[in-house]
Amino acid sequence: MRGLKKIAAIIVACLFVYLSLFTWNLRTGHLDALSSHTGLDIAGVVLKPGIWVAEQVSGFWHRYIYLVGLKQDNDTLRTEAAELRRTNMLMGAQARSAARLESLFGFRPPEKWTFSGARVIGQRMGPAGVLDTMVVDKGKASGVTDDMPVVSLKGLVGRILRSGTTTSTVLLLTDPNSRIAVIGAHNRSPGMLSGQGYGAPLQLRYVNQNADVDPGELLLSSGLSGIYPKGLPVAKVTKIRRSDISLFLTVEAAPLVDMAGLEEILLLNREPEAAVEAGTGDVAERQPESGPEAGKEDASGAADQ
Amino acid sequence: MLPTNSALAILWWGAYTVFGIWAHRAVPGIDVFAPALIVSLQEENGQRSAVLAVIWILLIEGTGNLPFGYGLAWYGLLTIAFSAGRWLFEARSYLFMALLGLWLGLLHPVLIYGLSSLANLEVPMRPVLIQGAIQAAAFPVIWFLADHFFPVRLRQDVRPL
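Quick mapping for you: the protein sequence lines, in order, are chains F and B. With our numbering, letter number 169 in the first sequence gets 169, and the count goes up by one each step, no holes. With our numbering, letter number 75 in the second sequence gets 75, and the count goes up by one each step, no holes.
Since the hints were made in silico from the structure, they are not lab data. These figures come from a predicted structure and were not determined experimentally. Built from N, CA and C at the ideal position, the CB exists for glycine as well. Just to be clear, a hint being listed does not mean it is correct.
[To be verified] Computed footprint of chain F on chain B, listed as stretches where at least three residues anywhere in the stretch have a Cβ under 8 Å from a Cβ of chain F:
| id | stretch |
| --- | --- |
| 1 | 7-16 |
| 2 | 38-50 |
| 3 | 61-73 |
| 4 | 111-124 |
[As the list claims (entries may be wrong)] As a list, the in silico DMTMM-like pairs of lysine to aspartate or glutamate whose alpha-carbon atoms are at most 25 Å apart:
| id | chain 1 | residue 1 | chain 2 | residue 2 |
| --- | --- | --- | --- | --- |
| 5 | F | Lys48 | F | Glu111 |
| 6 | F | Lys48 | F | Asp137 |
| 7 | F | Lys236 | B | Glu122 |
| 8 | F | Lys239 | B | Glu122 |
| 9 | F | Lys140 | F | Glu102 |
| 10 | F | Lys239 | F | Glu264 |
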């Protein structure tokens, strides 16, 4: 009987210590930082050489074995490039005109963002990897910070969840814990986009019953959350349902990016305010400052891509 | 312990950890370190098992995306179950390993549900239940393989006096 009491006391004490540790970490994040700077970085160090070798082998294959279709690919790309140059010329004129009008009306110039590339070195990992995430090969040493927006050339991917020294974890927009404030590209109806898990459609919440939303309409980040720049393409509306018992529309959307097929991503970093004020505001006139990998993009300009 | 044995232990466990990281990348949701921890508890002194557990906890927590606590509870409860089960079962019996696998298979969804609720996170439980079932089935197999390839020189029962 006395032995049982002793065991019960030990169990209660262990539970108390465990929950205290858990709560303290939730509040301060010290243990998460410790595990990110040790476990996540060690995993990155182990994975990177293997992935580098795999990329070299597959790169060799693509470069030397698949030379057959190079001429056709080149012709297609030349046509596409010509088309894009034409579109860019027209849009550049519109953008300059918008900038002139904004300065006439005294608008504050939009924020500037720098971007740098990173490689995806893993998706979910280990038994505690239950959220929709991916691991990338850049961390705090490369200027990565928590909540940094992550995009691909097709659209928004998510944001940095945790960052180690040389490796980081990205929370994908398909995760149920991801919330992104968006706005319709055509009708400008606002809403909150949340994931429902990989493979399931995204859900656009809090859209008024009388709001205008079209099937196929592009959803852009509204910039209201302060994390993502305004105007990034996020998803496309796939289904709209009206309900008699709800105040809001039930809207489903599909992400623009295939998360499983991603190999490289872009990390967006807010440029310091002083640098923005010193700049002219014209992206085309400015030179990249942070090496050949990095470039600069106007937040409103990104919306048009 | 002979210095060569220490070097061999570091080499063996280092190689196993590298294999484990790649296995975790290939099959998310499954832990290959847990059966190896049991091998270490069966064959080595407690100090080395504790060091291995700390390293693997940091790896699991770092590569995972829940707030810190899963790995600690996971290995803590596994060690308790192993120590308690040794009173009843022969420590290296297949039945005991299958029961430990079942215990982990049950523990995985319970821990994920508990920790995600405490941290106010939404986690779809269906895939987690499937991962628990796979973990339960894979545990004895991984333990058998890890035990089979574990160097004879490192086993306590054959170590020179």
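Cross-check of the supplied hints:
Check on the stretch 7-16 of chain B: 0 of its residues sit with their Cβ under 8 Å from a Cβ of chain F, so the three-residue criterion for coverage is violated. For a cut-off of 8 Å, the count of residues in the stretch 38-50 of chain B with a CB near a CB of chain F stands at 0, and the three-residue condition is violated. Here's how the stretch 61-73 of chain B fares: 13 of its residues keep a CB closer than 8 Å to some CB of chain F, so the rule of at least three is met and the hint holds. Remark: the stretch 111-124 of chain B is confirmed as covered by chain F, as 9 of its residues place a Cβ nearer than 8 Å to a Cβ of that chain, reaching the required three.
For the hint pairing Lys48/F with Glu111/F, the CA-to-CA distance comes to about 34 Å; that exceeds 25 Å, so the pair is violated. For the proposed pair Lys48/F and Asp137/F, the alpha carbon gap of about 8 Å is at most 25 Å, so the pair holds. Between Lys236/F and Glu122/B the CA atoms are separated by roughly 24 Å; this keeps the pair inside 25 Å, and the hint holds. At most 25 Å may separate the alpha-carbon atoms for a hinted pair to count; Lys239/F and Glu122/B meet this at roughly 23 Å.
Between Lys140/F and Glu102/F the CA atoms are separated by roughly 36 Å; this puts the pair beyond 25 Å, and the hint is violated. At roughly 30 Å between alpha-carbon atoms, Lys239/F and Glu264/F are farther apart than 25 Å, so this suggested pair is violated.
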